[in-house]
Structure formats: structure tokens, C-alpha cells
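Student: Based on the hints, put chain B in the right spot on chain A.
Protein chains: 2
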Amino acid sequence: MAKHKILSVNAIENGTVIDHVPSENLFKVIYILGLEKITTMVTFGANLDSRKLGRKAIIKVSEVFFKDDEINKISLVAPHASLNIIRDYEVVEKRDVTIPDEIIGIVKCFNPKCVTNTEAVTTHFWVQNKQKVALRCQYCEKLTTQEELQFEAS
Amino acid sequence: MAKHKILSVNAIENGTVIDHVPSENLFKVIYILGLEKITTMVTFGANLDSRKLGRKAIIKVSEVFFKDDEINKISLVAPHASLNIIRDYEVVEKRDVTIPDEIIGIVKCFNPKCVTNTEAVTTHFWVQNKQKVALRCQYCEKLTTQEELQFEAS
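Heads up: the sequence lines are chains A and B, in that order. Going by the working numbering, the letters in the first sequence line up with residues 308 to 461, in that order. Going by the working numbering, the letters in the second sequence line up with residues 308 to 461, in that order.
With the rest of the complex left out, here is chain A (with noise of 0.2 Å):
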């Protein structure tokens, strides 16, 4: 048969390219920044090697642009991620993401008896250890660590 045609996702022309994912992440990231929902050209690529992570994740997104405080939602699954911000098919800006002081919503609170998880309350977190995230619940002051880290249904 025929040679299988090269499928080259081109660079976008405007456009957030989010690079070093944990590929074991990106659908959380997807997750967290909604993109299940777009509907402007979104490529995903997982499992891609990587010098810096072995292997990582990569998320290119058209026309969208983050404000700060929504990629740095995804600091607490991708804390290396690096976002290039795409204008004209060039890239016009460099951003890392950086831990928020407080999360609200996104993240479960490890508690099973918190307010947050038996009623019908957003959950709200004060960030109290940027290096080993663990988050500190605003409602019943308990830590919830990485490992504990689960997200809300979306």
C-alpha cells in the first residue's frame, strides 16, 4: 500500500504551546484547564522523550491564552511545565508556572469528614509548602500532600 502520509501537526499561528508535562499528567492538566471543552484546534502529544524528563507530555492549544493565575493551577501536577506563548507563528513570550498561595476548587481535601466533602461548599486551600506541595485546608485546617492530591469531578 501506499506510504502512510506524514501527519505534521504544523505550529500554531496564535496560540499557548505548553511544553514538559508529565506525561502521566496531561490529562489532569487537560482536566484543570478545561480543554475537553475547546473548540479551537488542540494537539496533545504523551510519552514523547524528553531530556529533562525522560519522558513528558506536550499541549498546543490555538488561540487561547492563559492568565496567570489559570496555568498556575496546573503547577500542582506539572510544576516544570513551560508555557510559549504563540503570536504570528512566533514565539513572543516565555513563561514557567509558579505554586499559587491558595487553591480554590480544583483539588479534593484528604478529609472525608470536611465540610467541603459533605456539602455542597468549593473547597479552598492555603499552599503551606511550595517545594513537596502539601495544602493546607481553609475549612478544616487539615494538609493534603502530593500523594494525596485528588481532583474534583469535572
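Don't take every hint at face value.
Identical chains blur together in the list; that is why a pair holds if it fits in one copy or across any two.
[To be verified] Each computed DSSO-like pair below joins lysine-lysine, with the alpha-carbon atoms no more than 30 Å apart:
no. : residue 1 : residue 2
1   : 449       : 359
2   : 415       : 374
3   : 401       : 449
4   : 374       : 420
5   : 420       : 359
6   : 437       : 420
7   : 420       : 401
Calculated from the structure, these hints are not laboratory results.
Tutor: Same frame as chain A, but now just chain B:
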């Protein structure tokens, strides 16, 4: 700044390309095939231009070859999907998906009182209508239609 280099997702050496997936169902297909968990290279594109569907999604999975019964499960959400089986960079086989006669698991029964919704029983449907999908539950005999299709949590 320098031109952003083209990220080309080259043709895979060995694996499967799933084309003509409706963009809005890309994540359902990913879930049904368990692609969040695979460790080989995988790329997805959504909201790509398509003459056939207007907008489509494509999935390329390295080193994975699906069995008929596995791939036919996606027919519920991607009835026009086509598969290209790639070996040594060449398309060695093309396949379409076929709606199977029965569906075990994956889909939730529409009837909240069905035993599959109240106890730990795997759903089992007989496909009543393949044109406009309608699934007859083996347990409660209620019909779940395309509009009512809901997927079990992964």
C-alpha cells in the same frame, strides 16, 4: 525572538491511527480505549478541519494494535471512525468500526432502578438498533438511546 520551530508529529513507525473521530467525543474514545494509561507514544488532535465531519479528531498510538472487539466499542461515539494499521511507516491495513451486537460494561443503564446502578453488576446491553443506537439492558430490559448514553466512571 526566534521562529518557533515546527513540532511535527511524524508518522508512527508501528501502531494505529484512528481518524474521523468526532471532536466532541475525543475524550470518550480515549476513555473507552484506556489511552490515558498507555505508556507508548500517543498523539491526539481535536477540532481539526475535515471534509467529512466538518471538525474531527485524530488519535495516533504507537505500538498498539486493537482487536476488533476492542475497537468496535468506540462505534457508539465514533461510528465513522477509520483505522489505519501502520507497520514500518506504511499503512498495511485499513479498517472501519462496526457497531457490535452486544455491549458489556462501558455504558451506564439509563434506568436508575436497574440492578447495574444499585449493585456492583457490570452492565450488559443488546444493541437493538444500529442506525440510531439503542441499547436494550439485559437486566431491566429498558432501552438506553443515543441521547441518553452515559459512560461509567473509569
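Student: Does each hint hold? Answer for all of them.
Tutor: Hint-by-hint comparison with the structure:
no. : hint       : result
1   : 449 to 359 : neither (34 Å within a copy, 53 Å between copies)
2   : 415 to 374 : within (23 Å within a copy, 37 Å between copies)
3   : 401 to 449 : neither (36 Å within a copy, 54 Å between copies)
4   : 374 to 420 : neither (33 Å within a copy, 45 Å between copies)
5   : 420 to 359 : neither (40 Å within a copy, 51 Å between copies)
6   : 437 to 420 : within (25 Å within a copy, 46 Å between copies)
7   : 420 to 401 : neither (42 Å within a copy, 53 Å between copies)
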